[in-house]
Amino acid sequence: MSLSVLLKNASQGITLGCATLLMVSVGHAAEITGAGSTFVYPLLSKWSATYNEKTGNRVNYQSIGSGGGIAQIKAATVTFGASDMPLKPDELQAAGLVQFPVVIGGVVPVVNVEGIKPGELKFTGPILADIFLGTIAKWNDAAIAGINPGVKLPDQKITVVHRSDGSGTTFNWVNYLSKVSSDWKTKVGEGTSVSWPAGVGGKGNEGVAAYVNQIKGSIGYVELAYATANKMAYAAVKNKNNEFVQPAAKGFQAAAEQVNWTEQPDFYQIITDAPGAGSWPIAATVFVMMYKEPKDAQRSKDAIAFFKWALEEGQSDAQSLDYIPLPGTLVKQIEASWAKNIH
Amino acid sequence: MASPQALELSPVDLQGRRERRDRLLDTVFRYAVTVCAVFVLISLLGAAFSMLWGGRLAFSTFGWRFLWSPEWDAVQKNFGALVPIYGTLVTALIAMIIAVPVSFGIAFFLTEIAPPWMRAPVAAAVELLAGIPSIIYGMWGLFVFVPFMGEHVAPWLDEHVGPLPLIGPLFQGPPIGLGMLTAGIVLGIMVIPFISSVMREVFNTVPVHLKESAYAVGNTTWEVVWDIVLPYTRSAVIGGVFLGLGRALGETMAVTFVLGNAHQLSLSLLEPGNSIAATIANEFTEADSAIYLSSLIALGFLLFIVTFIVLAIARFMLSRLALRAGKIT
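Chains as they are written, first to last, in this note's numbering: chain A, 1 to 343; chain B, 1 to 329.
Careful, some of the hints might be misleading.
As the list claims (entries may be wrong) - To be clear about the criterion: a stretch of chain A counts as covered by chain B if any three or more of its residues have a C-beta under 8 Å from a C-beta of chain B, and this derived list gives those stretches:
| id | stretch |
| --- | --- |
| 1 | 123-137 |
| 2 | 156-167 |
| 3 | 183-192 |
| 4 | 201-213 |
Stated by the list, open to error - Interface residues of chain A toward chain B, partial, derived using beta-carbon atoms under 10 Å:
| id | residue |
| --- | --- |
| 5 | 68 |
| 6 | 70 |
| 7 | 150 |
| 8 | 195 |
| 9 | 196 |
| 10 | 216 |
| 11 | 217 |
| 12 | 218 |
| 13 | 334 |
| 14 | 336 |
These aren't lab readings, by the way, just hints derived from the structure by calculation. Glycine included, every Cβ here is placed at the ideal spot set by N, Cα and C.
Only chain A is shown next, with the shape it has when bound in the complex:
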């Protein structure tokens, strides 16, 4: 046998092998598609990678934003949508959807003031609302100085940084401000995007983080992961229990445990301004929406299998990324709701 024939045979063998491999992986792997919340994207991509290693199934998640996720699932272009803002039960009913929480995180205020270190500054909800309304305009305002004795505050204008795009982070932030300030509630209200009375807008959590880092005397709000990753000066906030809480996983968990998740259908709960000791006041839940009667039952089953795995076994992944796993009882309740609602 000549060399060229040998090579030819070998290459044919390799091609055949590759083709077989390809066919096998295509034949067995399910592709689960989802879209929505940017907040949950780091976790979902990690879950997807681990899940793919274990089962060969793949999750294709596009982080287009919570509003976009809701729009996509309503248009039935994806198997699941993810949003930091829960849909009201009647709206879900009308669209034939169910929703369930998958993970909990927190929104934190971050500041860029000369000499202020992470965790040094304290705020109350009404003060945050007044700053974002523009009525508290300077850092050395009596209201801020009053609850921050010993902190040297400059005579500097406050520049508010908010989101320029619609966002579930914004929803949780303004929902909290509406709960603690009647002024905010009547003048601005709540939603994924609002008409900001003051400040500049950055696109995405990373945009807000970048602006706060750039602008001296600024204050913004981001998910905790962005604050720690960018080494930003986050601040403590007073909760309903009248104690100042530092933003951390413990506080988010305390807030999540205060909530009776089955009080309303479809786990409709917004956990901002939660009561109880140690609760972080601006905790946020990521919800997933799916169809009750999916067009493609197999895909829906694959997605449920993925979330079952994620809620039961994927929790170490969540913790490593600063997210809070759901309490065990809640996971049981979610699984019961799947069995009951999704066909």
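Position chain B relative to chain A; hints supplied.
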């Protein structure tokens, strides 16, 4: 059977066939190029109409108020286009004020003053600038230019130009660094390569004997460029300026980074604002109600109209200029 017959054809027949074939080819060619031209028209009208259609809910709900209302409130579902239109026009104006003279200077230098060995590399560098993606300009703007504006330029302007009468209010404001002035300057830098490469190209087309004659009667380099080169190439130069203006009006990414994205109407150029393209890019994916989405599409339609009106005004001014030039000579 056919080939022997063909051989027997007389020269007259051959010529007739050739003419028929040429006529056919001419017709086909005419239709082909017409289709090309009509394609542009159809896609233009199609895009305009589909945006008008998509924005019909906003136009019918808000009526003419949509044009001059400064409101942009997704909670109350109350939308108006004044802030984005204002921001778009102001930033494009600042960009043109910077880009046109600088581009003229670049083209002037490269065609008349620069030593020959320098012309090709500098011209290539200018064209390379045109190829840089706008997001790069945006990131450079945010991380390098915004802090510079915030620390050095804005405080100086606020202190020294702010108290002046008339133009003072344009330059009063907090030293954020983000804002319409910053966006206008970044846009200006972005459109310089477009305008200057067109200018350089057309300056090179001016016949040498025209310039040599002018030099021969004792004109300075400036006089040659201003009185001979510029009038000779005027329409092409204005075309280049239009190209830059169109880009400045529609630029999205770079503007989003440095404009501040705030729906606030303020006279000061140091304050953040918003532009039509930036608003659409920021808010389109998250527009969660029908009227919100429709308002954003309506904004897109207005960008069409604004661009059209600006270009029409520029054309009108050009024709007046040509008329005046005709009277002088």
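Unmet hints by their number, sorted upward, for this structure: 1, 7, 13 and 14
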